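Quick note, the sequences are listed as chains A and B, same order. For the first sequence, position 119 (counting from the first letter as 1) is numbered 119 according to this note's numbering, and the numbering increases by one without interruption. For the second sequence, position 240 (counting from the first letter as 1) is numbered 240 according to this note's numbering, and the numbering increases by one without interruption.
I should point out that these hints are in silico values taken from the structure, not numbers from a laboratory. Note that the coordinates shown come from a computational prediction; the quantities given were computed from them, not determined experimentally. The reader is advised that the hints may include incorrect statements.
Said to hold, decoys possible - With a straight-line cut-off of 25 Å between C-alpha atoms, the simulated DSS-like cross-links for lysine-lysine are:
hint : chain 1 : residue 1 : chain 2 : residue 2
1    : B       : Lys161    : A       : Lys335
2    : B       : Lys543    : B       : Lys639
3    : B       : Lys543    : B       : Lys556
4    : B       : Lys385    : B       : Lys255
5    : A       : Lys348    : B       : Lys111
6    : B       : Lys549    : B       : Lys531
7    : B       : Lys161    : A       : Lys341
8    : B       : Lys543    : B       : Lys526
9    : B       : Lys516    : B       : Lys385
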Amino acid sequence: MSSIQTYTQATPEAGLKRALGMSRPDIIHEMNESGLKGRGGAGFPVGGKWNFAASAKSEKKYIICNADEGEPGTFKDRVVLQEHADLVFEGMTIAAKAVGSREGILFLRGEYTDLREHLEDTLQRRREQKLLGDNIQGSGVDFDIRVFIGAGAYICGEETALIECLEGNRGEPRNRPPYPVNTGFNGHPSVVNNVESLASAACIMGRGADWWKTMGTAKSTGMKLFSISGDCARPGVYEFDLGVTVADILKEVGGEGAKAVQVGGASGRCIPPSEYARSIAYEDIPTGGGSLIVFGQQRDMLDVLENFMDFFGDESCGQCTPCRVGNLKLLEGVKLLRAGKCSMSYLKELCALGETMQIASKCGLGQSSPNAFLSVVAHFRDEIMGRTYSQA
Amino acid sequence: MSEMTNPDTSRRVPASQQAMSVPVPGNLDAIGATVGVNIDGVDVKVPLGTTILDAAKQAGIKIPTLCHHADLCVAGVCRICSVEVEGQRTLQASCSFPVTTPIKVKTHTQKVRQARRHILDLMLSEHCGDCYTCGRNGNCELQTLAKEYGVDSFRFGHVEKPVHEIDRSSYSVVRDNNKCILCRRCVRTCLDLQEVGTIEVLGRSHQSHIGTFLDKPLGDVVCINCGQCINRCPTGALRANDQTDEVWAAIEDPKKHVVIQTAPSPRAAIGECFGMEPGTAMTFELNTALKMAGFDQVFDTNFSADLTILEEGTELLLRLKQALLLREPGAVFPQFTSCSPGWIKYLEHFYPEYIPNLSTAKSPQQMFGAVIKTYYAEKQGIDPKDIVTVALMPCSAKKFECNRPEMADSGHKDVDFGLTTRELAKMISEAGIDLPRLPKSDFDSPFGTPSGSGVIFGATGGVMEAALRTVIELVVGVKVEDLFEHADIKPVRGFEGVRYVELAIPQVGPVPDLLKPLFPSWDFLKGATLKVAIAHGTANAKKVMEDIKAGGQFSKCHFIEFMGCPGGCLGGGGQPIPTTPEIRQARAKAIYAEDSAYEIRKSHENPDVLKIYTEFLTEGPCGHKSHKLLHTHYTPRGKYIE
Ligand SMILES: Cc1cc2nc3c(=O)[nH]c(=O)nc-3n(C[C@H](O)[C@H](O)[C@H](O)COP(=O)(O)O)c2cc1C
Ligand code: SF4
Chain A
1 MSSIQTYTQA
11 TPEAGLKRAL
21 GMSRPDIIHE
31 MNESGLKGRG
41 GAGFPVGGKW
51 NFAASAKSEK
61 KYIICNADEG
71 EPGTFKDRVV
81 LQEHADLVFE
91 GMTIAAKAVG
101 SREGILFLRG
111 EYTDLREHLE
121 DTLQRRREQK
131 LLGDNIQGSG
141 VDFDIRVFIG
151 AGAYICGEET
161 ALIECLEGNR
171 GEPRNRPPYP
181 VNTGFNGHPS
191 VVNNVESLAS
201 AACIMGRGAD
211 WWKTMGTAKS
221 TGMKLFSISG
231 DCARPGVYEF
241 DLGVTVADIL
251 KEVGGEGAKA
261 VQVGGASGRC
271 IPPSEYARSI
281 AYEDIPTGGG
291 SLIVFGQQRD
301 MLDVLENFMD
311 FFGDESCGQC
321 TPCRVGNLKL
331 LEGVKLLRAG
341 KCSMSYLKEL
351 CALGETMQIA
361 SKCGLGQSSP
371 NAFLSVVAHF
381 RDEIMGRTYS
391 QA
Chain B
1 MSEMTNPDTS
11 RRVPASQQAM
21 SVPVPGNLDA
31 IGATVGVNID
41 GVDVKVPLGT
51 TILDAAKQAG
61 IKIPTLCHHA
71 DLCVAGVCRI
81 CSVEVEGQRT
91 LQASCSFPVT
101 TPIKVKTHTQ
111 KVRQARRHIL
121 DLMLSEHCGD
131 CYTCGRNGNC
141 ELQTLAKEYG
151 VDSFRFGHVE
161 KPVHEIDRSS
171 YSVVRDNNKC
181 ILCRRCVRTC
191 LDLQEVGTIE
201 VLGRSHQSHI
211 GTFLDKPLGD
221 VVCINCGQCI
231 NRCPTGALRA
241 NDQTDEVWAA
251 IEDPKKHVVI
261 QTAPSPRAAI
271 GECFGMEPGT
281 AMTFELNTAL
291 KMAGFDQVFD
301 TNFSADLTIL
311 EEGTELLLRL
321 KQALLLREPG
331 AVFPQFTSCS
341 PGWIKYLEHF
351 YPEYIPNLST
361 AKSPQQMFGA
371 VIKTYYAEKQ
381 GIDPKDIVTV
391 ALMPCSAKKF
401 ECNRPEMADS
411 GHKDVDFGLT
421 TRELAKMISE
431 AGIDLPRLPK
441 SDFDSPFGTP
451 SGSGVIFGAT
461 GGVMEAALRT
471 VIELVVGVKV
481 EDLFEHADIK
491 PVRGFEGVRY
501 VELAIPQVGP
511 VPDLLKPLFP
521 SWDFLKGATL
531 KVAIAHGTAN
541 AKKVMEDIKA
551 GGQFSKCHFI
561 EFMGCPGGCL
571 GGGGQPIPTT
581 PEIRQARAKA
591 IYAEDSAYEI
601 RKSHENPDVL
611 KIYTEFLTEG
621 PCGHKSHKLL
631 HTHYTPRGKY
641 IE
């Protein structure tokens, strides 16, 4: 039984059938109306992205589903692919109709290879049902999807690095502008959307933008999937309307009394109890990819931080200076804090460095990797500064 | 005039490191073709798609750069050129941000200065090396930036001990990753500018480093030794193998007779190492300096360049005779020049099946060495084993070339040491010699007659021009001046990557005595059209080779000049740093001016060359002795290494 009600309740292919009967601008209009924002982290409006790609002039256009899901603590896309693959492919097909694409690619995280057979079977079945291939449902729309397996680097979830990887290069982010909607895979306009964005788009096309807007807040419409893990009684994938407070979520998952919550995965922010009444929405605490990691009272925040910084120290693509060396310096700083050897002035210097990384790194990884460091320092200063000096 | 390959046509470097093209209207007067940028309050109008960096240049505002290089595609990786763009949350790298709408830019706000200082601090924290002990002391872009940004301490630490082993496996290029700041200019040079692809970024995050295939030593992988990476390294991470100590030792050894030949390109560039404007030729001041430094004799490589023209040109005429007169199979066309050791190794690796096309003539450097250890030794009554031959070259690949085992046919190594322009500049400074202010002096005889055709070997197209001057006079039988004003064969000049020229031979003249034993008459060439081409930089060489493979236009050529380095020898990997298209153009100007100033400007008129054919190589060009001493063979290497 799926934990994702909205997806379970969706009438199969209702969105696709409706979209096939609509004009391109109407589909995009409907998406714009819904206010759906990208669920991969950056929160760019889905309709806007489709519109850019639709108006780009090119012989070829690509719809790419970003299923690289590499953010620590994030696993909702895996569940969606396992339980609602049809909905994802339906969303891709709708996007294809909207922008005029004939080729779709599902970029699957290397570690999710076990899902491949299921996905290929689903694709095959859809081809047989005339939901993919030439002249889909007699509409004149031709579109097919292939699965591409990534090689297991977190950075390949960043859309331009993902495209580099698809092209057979080192997975490294590109200079932007131009953006993938203009110059994407093999230089052609490409829509890169998260798994959940596409599945939700299919639901929206099926039930209408107005229905979607009944959920969430005015600025953050609809529901959102959350991957919840850590020190709570009931970890798993949850569906909440945007605008939900951290406290509400903690209650639902059995994580009351948590010392801190990391919202948005390793690249997100660490929230102290004083802020649990805040809501998760684009206008308050951004969801990121929609992950919450709950830390119980027994957790040492420096352990938490070291773990995150270790991750970025390994996963930076190594291309730009602020991120490549900066993450290393922040990690070293955590170790100094642990040993009681980090002076206040050096900590201040490290925080300034973190701020530089946020604005001077080339891509979202380096721009967000200091978030955890900065928020832990801001909210748990006493805990992390109070270490006994050790020789080690 | 652009000598860079268009990044769109040769897509070797990943798009993450490519300049992103923005469609720019051809007519800049058209509405929407330009866009206004306000930089630090200064308004400029630039063509759509201009980077902020270029717009700032136009506004007279300097933005610091490190990974940016005029010859290379944009990377946007070091981030030192970050600026604030109004309305953007993050700073933008000005080198890679194309202006497409009117924007407001601030280049030195607190935010920007702090970010730049942090970036520098981070680079310095990983950069192991004391400036005192570095070959790039005083000419290092990182050092300069540290000074400009007032770095007074290592805020984020500093590596004290080297962590990477220095790779000294190559005859030509030394790699010291301890000083590398990962700007990737070398990678873009090797992959995109030269299209060789020896070095790449390996590993991820702070493990990432510049490495070779499987991190093998540079000497064991497919490297052509061109040294272009050295010329574009902002720090001391790449340098040429230094042999100045060995040369000093030879100079100081009383038993050794140390002879140096100087090539035209270093002479046109060495002044840059002494603070002179690019394009200031130091040919005759250098003669004085070399004597002061202790060299016994100073000779002009132009001598052997002219010798090369006669040997290589005769070889071409023999191939033509075989094909057109004797109608024998087996004459291989086009004949490729063999002066550039970078190009030679490139061909041996990438197109070994075309080795028969290579002229068997040795390069001028090697010919000279062979002549010194035989003819000269005999003439002077010096035992060749006591002679040390040094060559001043613009080239790092010459170091590999002189160590090729086949380059010792006289029983002695033709050339003992190949010195780069930079190494010699160091020796001169070390000796306290004030090169720019020295009086001029001539080359020593018997190889010292100034000759213009040898000089122009330094510029791309020069070998071809020298060869054509000789063919026109010796075969067509007319004065070059009658066909080309002041004997300047302009069609073969310039910096365009690939050039193609045809020369009709409507009539033929009498065969000169020197060539009579080989050619009774030139009649077989009457009415023929000589088709020649020129390519410089291996990326352009690759274009021509692929065309030849596909049976295209260039496969119909008779003779093709290939130079391994962009711009030819004057842009060689041993030349002063920095290098830019403008600097190379200035050097070319100096070279053509030197040619123009000489009385003898045709190889076949060089009296020293004519003399060696009467006194020593008495069977004439391509004769038995020539073949033994002045010609060589090549090694098919392929791309795969055990
Ligand atoms: C380091 C990094 C990793 C990312 N990983 C993912 C990912 O695993 N899945 C994803 O959908 N988006 C990821 N993104 C965001 C994508 O770049 C892109 O914004 C997203 O796929 C767009 O889809 P959306 O608009 O539907 O959210 C990542 C971004 C960064 C900077
Ligand atoms: S921010 Fe980090 S991951 Fe992104 S380009 Fe720079 S080094 Fe690579």
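Original post:
Checking against the hints above, which ones are violated?
Top reply: Result: hints 8 and 9 break, sorted rising.
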